[in-house]
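There are 2 protein chains.
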Amino acid sequence: MVCVLRTIGLFLLAGSAGAFAQTAQGLTANDVIQRIQAHVGVPWRTPTVDTFKAGDPATRVTGIAVTMMATYDVLVRAAASGDNLIISHEPTFYSHLDKTAGFEQQHDAVWAQKEQFIREHHLVVWRFHDHWHMHRPDGILTGVVRTLKWQAYQSQTEPSLFVVPEMTLADLASQMKDRLGINVLRVVGDPAMKVTRVSLAPGASGPEHHQMLLHRDHPDVLAIGEVPEWETIEYIADASAEGRHEALILLGHIPSEQAGMEYCTEWLKTFVNEVKVEFVPAKEFFWLAK
Amino acid sequence: MVCVLRTIGLFLLAGSAGAFAQTAQGLTANDVIQRIQAHVGVPWRTPTVDTFKAGDPATRVTGIAVTMMATYDVLVRAAASGDNLIISHEPTFYSHLDKTAGFEQQHDAVWAQKEQFIREHHLVVWRFHDHWHMHRPDGILTGVVRTLKWQAYQSQTEPSLFVVPEMTLADLASQMKDRLGINVLRVVGDPAMKVTRVSLAPGASGPEHHQMLLHRDHPDVLAIGEVPEWETIEYIADASAEGRHEALILLGHIPSEQAGMEYCTEWLKTFVNEVKVEFVPAKEFFWLAK
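Top line first, the protein sequences correspond to chains H and A. Residues 53 to 342 (our numbering) make up the first sequence, in order. Residues 53 to 342 (our numbering) make up the second sequence, in order.
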């Protein structure tokens with residue numbers, strides 16, 4: 053990251069002349085990331101997980117695939133479509149910090165095949181997580197709200213709070229499932245309960261963040277990506293058992309943030325037009341046993 | 053815990069005379085825990101989460117409720133049944149270490165009502181997690197295997213590995229769902245894939261443990277309680293996309309370990325017979341949106 057940060061200054065100093073030089077020679081992955089850093093609207097923070105995870109940043113970009121999670125399936129589809137820069141919201145190598153030493157040590161075949169595919173197709177994978185959330189408004193939330201068609205219900209002061217037309221919890225869950233295109237959506241609480249205040253916390257923002265939203269905004273429903281069962285899930289189950297007007301919707305991590313990366317694709321196109329920029333959705337992982 | 057550990061010695065020195073004295077006066081919660089410590093068959097390890105979480109350890113026990121998770125619903129049912137010592141495998145207060153300071157500071161109503169119910173009903177809650185897993189054989193695994201009726205398929209050298217009669221992944225998932233009484237069981241992998249080697253890791257044993265099982269035992273299917281999507285879930289999805297013969301079954305945390313606490317109830321009855329000892333199952337949290 054130090055290297056990338058140092059070159060931002062040079063890029064900014066170079067201005068439009070630098071941009072022209074890049075166009076003439078072809079954009080590198082590094083050029084694209086520098087443009088993102090210049091456009092994201094917040095100072096670049098370190099440490100951050102928004103770093104290159106695989107491939108050579110000096111690679112000339114043939115096409116950009118924006119995705120929620122750089123799964124093997126996403127990489128295959130991106131490469132087949134002629135993309136070689138993959139911008140992923142979530143990890144590539146199975147942990148928040150994408151540490152690969154353990155897999156290397158174990159000669160792990162799954163990891164090795166993914167690395168090999170990346171190498172053979174000259175792919176570059178870069179993560180765009182922290183700063184897309186830090187973008188104002190939060191890039192993930194913005195995309196998700198648009199796909200939910202909930203813009204009119206969004207609080208002006210607390211963007212994660214929505215006051216939707218009153219409906220049952222079961223109907224709200226079905227609406228979110230339909231609009232976000234979710235296969236498996238789990239719910240905790242009374243299905244018949246009437247709800248109108250919804251706090252939306254896509255991804256895995258953690259029990260402390262969930263508690264903050266619950267205490268500050270008093271929603272009827274907290275809708276999140278995922279959390280361990282013994283944390284917010286047990287808490288809301290208890291609230292419900294105590295007779296409180298509270299429920300939890302677990303959208304799943306990928307479906308809860310995916311639309312935010314579709315929006316990121318459009319945002320990226322506003323300042324990268326030399327190469328194709330496309331959204332390659334990650335598939336939801338789960339099916340249900342009968 | 054220091055206090056409890058110190059008194060174990062006294063209890064053991066006192067021998068059967070001590071046991072008689074307890075019977076005459078009525079067993080305290082502390083007496084019961086000391087008996088568990090004396091019978092569990094492994095040295096008591098510290099630090100451990102196996103500590104009192106609420107109530108007064110000197111309380112005379114009227115009945116013991118053994119459960120997977122001391123939810124509010126479980127406490128209400130236990131108290132209604134005349135139990136005042138609750139032995140829970142999982143946390144009571146929404147985090148692995150059951151820290152309550154944050155809830156107290158926030159005047160959290162859900163936590164406060166649970167605390168109040170415990171106080172008003174003179175309940176004592178004690179966690180039995182680490183040492184029930186350390187019991188040989190692992191108390192949780194033993195109970196789950198019995199409920200799955202998989203004893204004949206269990207590896208003699210690696211107790212978490214099972215070689216079941218060949219069937220499809222979809223059929224295996226349905227069998228586990230039926231036998232463990234699960235409502236929502238999620239699966240990753242090809243439903244039509246033929247499977248026979250199954251690694252069973254109930255609860256949330258973590259991605260490092262999952263990796264160890266995968267590398268050591270090469271199962272077709274890893275069946276776990278829960279894990280974040282970007283860890284073992286993405287890994288198995290990648291393995292499947294790479295064409296490997298690997299799948300993941302997510303049983304849910306509570307259903308994946310619950311039978312292990314049913315077995316704990318029976319084990320406890322072998323050395324606690326002065327009071328009623330009963331299994332109070334925690335309800336599965338989830339229902340599915342349509």
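Hint data in this document are derived by calculation from the structure and do not stem from the laboratory. Just so you know, these numbers come straight off a predicted model, no measurement behind them. Don't take every hint at face value.
If several chains are the same, the list does not tell them apart, and a pair holds so long as it fits within one copy or across any two.
Here are the simulated EDC-like cross-link-like pairs (lysine to aspartate or glutamate), alpha carbons at most 16 Å apart as the crow flies [stated by the list, open to error]: (1) Lys335 <-> Glu294; (2) Lys335 <-> Asp242; (3) Lys328 <-> Glu314; (4) Lys151 <-> Glu260; (5) Lys105 <-> Glu156.
Violated constraints from the hint list, given by number and in increasing order: none
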